[in-house]
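**Q** Residue strings, one per chain:
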Amino acid sequence: MVNRLVFENLKHRPLRTLLGVVSIGVEVTMMLTLVGLSHGVTDDMAVRNRGTGADIVVRPPSSNLFSLGGVGMSEKIVAMVRQEPHVALATGTLVQPVGGVFNSISGIHLDEFNALSGGFRYISGGPFKGPHELLVDQVEARADHLHVGSILKLGKDWRVTGIVESGKLSRMFADIKPLQEEYSQTDKVNFVWVKVDDPANIPVVLAELKEKFDDFKIYTMEEMTSLLTPDNVPVLKGFTDVVIGISVVVGFLVVFLSMYTAVLERTREIGVLKALGASPGYVLGILIRETILLAIAGSVAGILMSYGSQFLIANFAPSFLTMEIVKYWWPIATGIAIVGSLVGTLYPGFKAARQDAIEALSYD
Amino acid sequence: MIELRDLTKIYHTGEIDVHALRGVSLSVARGEFLSVVGPSGSGKSTLFNILGGLTPPTSGTIHIDGRDLLKMSDAERTDLRKKTVGFVFQKYNLLPTLTAEDNIAIARDIAGNKVEHEPQFEQILTLLGIRERMHHKPRALSGGEQQRVAIARSLVNHPAILLADEPTGNLDTENSTAVLEILRDLNTRLGQTILMITHNPEAAAYGHRMVRMRDGRIVE
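Read top to bottom, the protein sequences are chains A and B. Okay, so the first sequence: first residue is 1 according to my numbering, each after it adds one. Okay, so the second sequence: first residue is 1001 according to my numbering, each after it adds one.
Among these hints, one or two may not hold up.
[To be verified] List of simulated lysine-lysine pairs, DSS-like, C-alpha gap at most 25 Å: (1) B/K1091 - A/K351; (2) A/K11 - B/K1091; (3) A/K188 - A/K177.
[Said to hold, decoys possible] These stretches of chain A come out as covered by chain B in the derived footprint (C-beta under 8 Å, 3 or more residues): (4) 2-13; (5) 200-206; (6) 258-272; (7) 277-284.
It should be emphasised that the hints constitute simulated quantities derived from the structure, not laboratory data. Since this is a predicted model, take the numbers as computed values, not measurements. In this text, a Cβ means the ideal position worked out from N, Cα and C, and glycines have one as well.
All chains should be built: construct the whole structure from the sequences, respecting the hints.
**A** Put into C-alpha cells, the structure is as follows:
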C-alpha cells in the first residue's frame, strides 16, 4: 500500500519527478563517464602496447609506467639488447610530444616495427617516406577528420600518408630518424620493445636484462599491461574521487530540495496520515521509499546517458580519450546515488516525521 | 466509554498562555451520538484533538474505553488513533493521489491490518452509497462523496469512537443532510459511538444529546 502511495506521489508531480530523475541521472553519468574514461584510456594503452607484439619492454631509469615521452636513452642499448640470448627482435621507439600536452608522435623504424608487430594494416594510403610524413590510426583519423593527404598542424605541418588499423602502440607514427633530429633527440629512444624467441624464455631474458641494465625499468608485457589500471595513476584516482564527491553532493542537494519541497507541499497529507495513526517511522518510510525509487530510476537514466557520453566522446572528443562502459561500476554508482539521496532525505524526512499532526492538519 | 474530569488545556504561544479548556467534565456512553456545539474559540476543536490523541491535555483525567489518555506516551496515543478512534474532518482530508479505495486501504495498512477490508465492510460502503465510486480519486468525487469516503475510512478499523469535526461544514444542504443521516444510521444500526462537533444547531439535533461549550467550558 505504501508503495502505491509512493508511486502515486511520484506520478502526481511528473515534472519534479523528472527533474529529480534527470539530476540523479547526471550524477550517475558523471561518475560512470569518468570511471569509463579512466578505464578506457588505461585499457586502450594496454591494448596498444600488446599490439606491438613485444614480450618485454625496457624503459629509461627515470621513467615511470605512465610517462610516455620524457628523457630518452641511447639507441645503442637496442643493439646491446639484441645481443642477449633468446632475443629474437628488438626495436627502439621515441614517443615525442608535439604541439600540445596530449599530442605525441611515435617515431619508429618502420621495417623493425612491422617485423615485431606483424605489420600495419592499411585502411588507406601507404607508409611514410620522408620527414614530416605521418601514419595515423583510424581513431585519430575519425577524431580529427583526417584522410590521406591531410595536413596536420602539430607544431609543424605533418602530411598524412596512410591510415592504419588501430591497436598498435600509438595513434600517430613517423620515421624515427627525422623525428629524433627535429626534436634534438638524435640517437635517443624512450622505449625498447623486445621479442623473445620462445615465450618460455621470457623469464630468462627478463632476468638477464635486469642484471645487465639494473637501473632501467624493465617489464614483461603481461606485467606492464596489468599495471595499466586507473588505480595505478595517482592523479587519475584523486581526480575520480573528487568528481565522485562532487556528484554525491549534487545528488544530495537535488534530493534534499526535492524532498524538502515535497514535505512542505504534503504537510496536510502528513497530518492526515498521523491522524490515521501513522507513526513517525511510517511517515519517514514513505519518503525513504520515494527517494530510493527516485535514485534507482535516476541511476537507470544515468546508465543510459553514459552510453550517450560514450558516443559523444568517441565522435567529438580528442583521440587520446577513450571511454569504456564499466558495467561493474553500475551497482557502485547506483549505491552511491542511493546513499547520497538518502542522506539528502534525512532532514526533510525527520521534519515530516516530527510534524505536529494538529498544525499539519490546519495547514493550507 | 469516554470519561473526562476537570480537563484543562493551555497552549503556550510566545509569552502568552491560551486557556483552551478550563475544566471540562463529560461522560459519553457506548453507542451514544453526542453533539458538541459552540462558537469558534469555545474549545470544541481542542476537545476533539485531545479525545483523538492528537495532543495531550494539560491536566485532568480522561479515559477512553478504559484507557487513561493522560498516562499515554506518544507511541500509545499513535496506537489509540490507529485502533480506537476514527476521524472525520470538515475538509474531508483524503489523500489526493490515491483512489477512494486506496484511501480506505491505507488506514488499514497503518493500523497493521490486511489492506483488503472484510466482506462485512461492503455493507457500510453500501450504506454510504459509494461502492461504485471506489476507483475514483478525490478530485473526481463531489464534496458529499468525499466526505462519505472519509467516513468509510474512519470506520474501516472498527474504532470504538467516531470523532467528527464539523463533518457538514463544507457541504451544501442536500449533502449535509445525507451525511448526517448516514451518521445517525451508523449509530442506530451498528451502535457506533459518535462524538460530533458542530456549530450548526440543525446538525446537532441529529445526536441523542447535545452539550454546549463556551470559553473552554461546557455551559449546558
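**Q** A separate judgement is required for each hint: does it hold in the structure or not?
**A** Do the hints match the structure? See the list:
1. B/K1091 - A/K351: Holds, at about 24 Å.
2. A/K11 - B/K1091: 24 Å, holds
3. A/K188 - A/K177: Roughly 9 Å between the alpha carbons, so the hint for A/K188 and A/K177 holds.
4. 2-13: holds (count 7)
5. 200-206: violated (count 0)
6. 258-272: Holds: 4 residues of the segment 258-272 of chain A have a Cβ under 8 Å from chain B.
7. 277-284: holds (count 4)
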